[in-house]
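Colleague: Going by my numbering, the sequence shown opens with residue 1, and the numbers climb by one from there.
One or more of the hints may lead you astray.
[Stated by the list, open to error] Listed next, with one range per pair, are the computed distances between beta-carbon atoms:
(1) A89 with G135: 18 to 26 angstroms
(2) I32 with A150: 23 to 31 angstroms
(3) T49 with R5: 18 to 26 angstroms
(4) C111 with R3: 22 to 30 angstroms
(5) P141 with N170: 22 to 30 angstroms
(6) D46 with A146: 38 to 46 angstroms
(7) A45 with P141: 34 to 42 angstroms
(8) T2 with A134: 22 to 30 angstroms
(9) A146 with A45: 40 to 48 angstroms
(10) Q43 with T2: 16 to 24 angstroms
These are calculated hints, taken from the structure and not from any lab test.
Source: prediction; values computed, not measured.
No residue lacks a Cβ here, since even glycine has one placed at the ideal position from N, Cα and C.
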Amino acid sequence: MTRPRLLDLFCGAGGAAVGYHRAGFDVVGVDIVSQPRYPFTFQQADAMTVPLDGFDAIHASPPCPHYANVTRWRGDPTDHPALIPDTRARLQAAGVPWVMENVRTRELRACFVLCGSTFGLPVRRHRYFETNWAGLHLVPPCQHQATDLAFMHKGERAYADAMDCQWMTNREARQAIPPAYTQWIGEQLLAHIKEPAA
1 MTRPRLLDLF CGAGGAAVGY HRAGFDVVGV DIVSQPRYPF TFQQADAMTV
51 PLDGFDAIHA SPPCPHYANV TRWRGDPTDH PALIPDTRAR LQAAGVPWVM
101 ENVRTRELRA CFVLCGSTFG LPVRRHRYFE TNWAGLHLVP PCQHQATDLA
151 FMHKGERAYA DAMDCQWMTN REARQAIPPA YTQWIGEQLL AHIKEPAA
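Make the full structure from the sequences, and use the hints.
Modeller: The structure is reproduced here in structure tokens:
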């Protein structure tokens with residue numbers, strides 16, 4: 001049986017991609033920066049201009065520095081592009097189910113929040129997700145432990161390994177989504193795609 005195809009925009013080194021692949025998708029990644037450790041088919045291109053046709057679903061993780069609190073602490077967020085609105089417009093025009101991920105920001109119409117501790121990972125890493133389809137199960141609550149690695153540890157090898165991103169460098173993992181998040185989303189997205197039309 002043919003696996004549905006998912007386009008992974010702003011893919012980085014492939015944390016989201018691995019989760020979707022485990023859920024049952026064939027994944028193609030797009031990033032403006034070369035990603036030599038991306039584990040699936042990769043195209044170096046601008047996610048804001050690459051064609052979106054030919055896919056059953058799309059995931060997008062626009063760069064978060066404009067929205068991240070750490071950017072405000074360190075400097076001016078206007079030095080970084082605010083791509084959520086334009087990305088949403090592209091996704092809506094594609095006509096397929098989509099998921100958009102980012103840090104907490106008012107610009108993302110978050111449908112749910114996921115944390116590493118929700119999936120038994122020893123990391124506190126909250127990520128917010130917006131979708132254009134319904135049917136997601138209720139999200140289990142965070143289960144933070146005193147030993148969980150928090151934000152200040154994200155540059156360490158142990159943090160990347162705790163996220164289940166062992167194939168990445170420390171720097172790549174700092175931007176990654178743990179695969180457990182998108183495996184959970186992907187399993188439900190796959191069921192949504194396979195639902196007969198009403």
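Colleague: Does each hint hold? Answer for all of them.
Modeller: Here's how the hints hold up against the structure:
Remark: the range hint 18 to 26 angstroms for A89 to G135 is upheld by a beta-carbon distance near 23 angstroms. The given range of 23 to 31 angstroms is respected by I32 and A150, whose C-beta atoms sit roughly 30 angstroms from each other. At about 19 angstroms, the CB distance of T49 to R5 agrees with the hint of 18 to 26 angstroms. Checked against the hint of 22 to 30 angstroms, the C-beta distance between C111 and R3 comes to roughly 25 angstroms, which is consistent with it.
Range check, P141 to N170: about 29 angstroms between beta-carbon atoms, so the 22 to 30 angstroms window is met. The given range of 38 to 46 angstroms is respected by D46 and A146, whose C-beta atoms sit roughly 43 angstroms from each other. Taking 34 to 42 angstroms as the suggested C-beta distance range, the pair A45 and P141 conforms, at roughly 38 angstroms. Between T2 and A134, the C-beta spacing of about 25 angstroms keeps the proposed range 22 to 30 angstroms intact.
Between A146 and A45, the C-beta spacing of about 43 angstroms keeps the proposed range 40 to 48 angstroms intact. Against the hinted window of 16 to 24 angstroms, the Cβ-Cβ separation of Q43 and T2 comes to about 20 angstroms, which satisfies the hint.
The structure is consistent with each of the numbered hints, conforming to all of them.
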